[in-house]
Amino acid sequence: MQEEIFISGRDLPKIDPNLEIWHFPIALYLFLGGLAAGIIFFAALFTVLNKEKQVPAVVKYAMIIVPIAFTIGLLALFYDLTHKLYFWQLYTTIRLESPMSWGAWVLLVITPLSYLWVFSYFSEIIPTWKLPFKFLNQLEVFLVKNRKIMAIILLPLAIILGIYTGILLSAFNSRPLWNNSILGPLFLTSGLSTGAAAILLLSKTHFEKSLFTKIDLALIIVELALIITHDHGYVCRFCSSTGGT
Amino acid sequence: MNGAYPQLELELKTERCNHCENAPCVRCCPTGASHIIEGGIVLVTPNECIGCGACIESCPYDARFQHPGGYVDKCTFCHHRLEKGQLPACVSVCPTNCMYFGDLDDPTSQVSQLLKTRKHKVLAPEAGTKPHVYYLIK
Chain R
1 MQEEIFISGR DLPKIDPNLE IWHFPIALYL FLGGLAAGII FFAALFTVLN
51 KEKQVPAVVK YAMIIVPIAF TIGLLALFYD LTHKLYFWQL YTTIRLESPM
101 SWGAWVLLVI TPLSYLWVFS YFSEIIPTWK LPFKFLNQLE VFLVKNRKIM
151 AIILLPLAII LGIYTGILLS AFNSRPLWNN SILGPLFLTS GLSTGAAAIL
201 LLSKTHFEKS LFTKIDLALI IVELALIITH DHGYVCRFCS STGGT
Chain W
246 MNGAYPQLEL ELKTERCNHC ENAPCVRCCP TGASHIIEGG IVLVTPNECI
296 GCGACIESCP YDARFQHPGG YVDKCTFCHH RLEKGQLPAC VSVCPTNCMY
346 FGDLDDPTSQ VSQLLKTRKH KVLAPEAGTK PHVYYLIK
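Protein chains in written order, with the numbering used here: chain R, 1 to 245; chain W, 246 to 383.
If you're looking for bench data, these hints aren't it; they were derived computationally from the structure. From a predicted model like this one, the values you see are computed outputs, not experimental measurements. Any given hint could turn out to be false.
Calculated from the model, a selection of chain W residues having no Cβ within reach of chain R, i.e. all distances over 12 Å [what the hints assert, rightly or not]:
(1) Glu293
(2) Tyr316
(3) Thr321
(4) Cys335
(5) His365
(6) Lys383
Quick partial rundown of chain R residues pointing at chain W, CB under 8 Å, derived from the structure [said to hold, decoys possible]:
(7) Phe46
(8) Tyr86
(9) Leu90
(10) Thr92
(11) Thr93
(12) Glu97
(13) Ser101
(14) Ala104
(15) Ala171
Backbone N, C-alpha and C define an ideal beta-carbon position, used for all residues, glycine too.
Please construct the entire structure, taking both the sequences and the accompanying hints into account.
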């Protein structure tokens with residue numbers, strides 16, 4: 001980004017370089033993606049640890065938010081593309097250098113898995129409803145049996161989903177305030193903290209409430225430390241360049 | 246404009262895609278639409294571009310923009326003219342002949358000779374992009 005924009009504050013379309021490439025849908029997706037990554041992380045973690053019976057709010061109720069968040073978030077991402085009908089080009093290649101490519105592939109796997117996860121708890125969430133078709137019943141039985149395998153796949157994917165958005169922004173050489181190594185961990189921590197907070201809203205038992213309060217507090221402290229680390233360098237550089245201390 | 250009064254310097258320059266060797270736009274592209282062809286020119290394949298804008302965000306030179314057709318476009322160094330053995334349009338129409346184009350890998354080419362004999366600089370060297378556009382100063 002050029003210095004003259006900072007100084008003059010101009011943003012004339014077609015004359016000055018574009019400052020605003022990504023609009024509100026991207027910000028919406030960054031929030032929803034982090035929230036979903038946080039909830040999936042905790043749901044998968046407690047399932048892998050065989051503790052899912054003790055945290056029903058996580059694995060059953062908070063997970064309902066995830067497919068909704070993904071659906072809204074992915075529609076927002078699609079809306080912000082300018083060459084929309086070519087979006088499938090994302091899935092013609094895997095580019096390890098491009099964080100957006102990881103994100104696209106992770107979302108392709110994690111979104112259907114989150115739907116299947118919620119479906120596997122269908123009978124437990126609404127016991128009075130009977131599933132209409134026989135194959136849906138069979139699918140549910142199959143998913144309940146393989147919930148642990150789903151959790152093992154979801155756990156690393158949730159971490160990648162939580163961290164890739166930060167790495168995506170930090171890969172932009174032109175944005176000095178983003179172009180650093182703290183942004184990835186910061187986004188991951190903030191996503192996990194948002195997930196813990198959402199779980200806290202839905203939890204009913206004392207055990208779950210106290211557990212997730214502790215987790216969220218710890219995450220907020222880590223996040224504060226990361227924010228201080230993130231800004232510290234810039235503040236120091238600014239002070240030294242203006243002659244202060 | 247540079248310097249402190251009364252020692253002021255005015256610099257007029259023409260800006261375009263710097264066709265970086267370490268191009269952040271090519272690294273950020275999720276589909277591989279942005280690529281570097283043999284010879285070092287950075288190009289976009291319109292039918293592979295999804296218009297996500299990551300390359301526009303990443304470019305320290307603000308060289309990229311969204312084409313009205315939806316895909317991302319940029320200076321191609323007049324690739325279509327080079328193929329016919331012509332110079333880029335900007336070089337060929339410049340009324341003061343202040344721009345030069347050529348092969349930097351060839352030590353005997355005009356551009357290589359100019360970089361050997363003239364003082365020059367690149368834009369935003371701190372971004373670490375290794376641009377292929379050099380500005381001759383003095």
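Cross-check of the supplied hints:
no., hint, in the structure
1, Glu293, "5 Å, violated"
2, Tyr316, "5 Å, violated"
3, Thr321, "18 Å, holds"
4, Cys335, "18 Å, holds"
5, His365, "20 Å, holds"
6, Lys383, "23 Å, holds"
7, Phe46, "33 Å, violated"
8, Tyr86, "5 Å, holds"
9, Leu90, "6 Å, holds"
10, Thr92, "7 Å, holds"
11, Thr93, "5 Å, holds"
12, Glu97, "5 Å, holds"
13, Ser101, "4 Å, holds"
14, Ala104, "6 Å, holds"
15, Ala171, "6 Å, holds"
Violated hints, in rising order: 1, 2, 7; the structure is consistent with all others.
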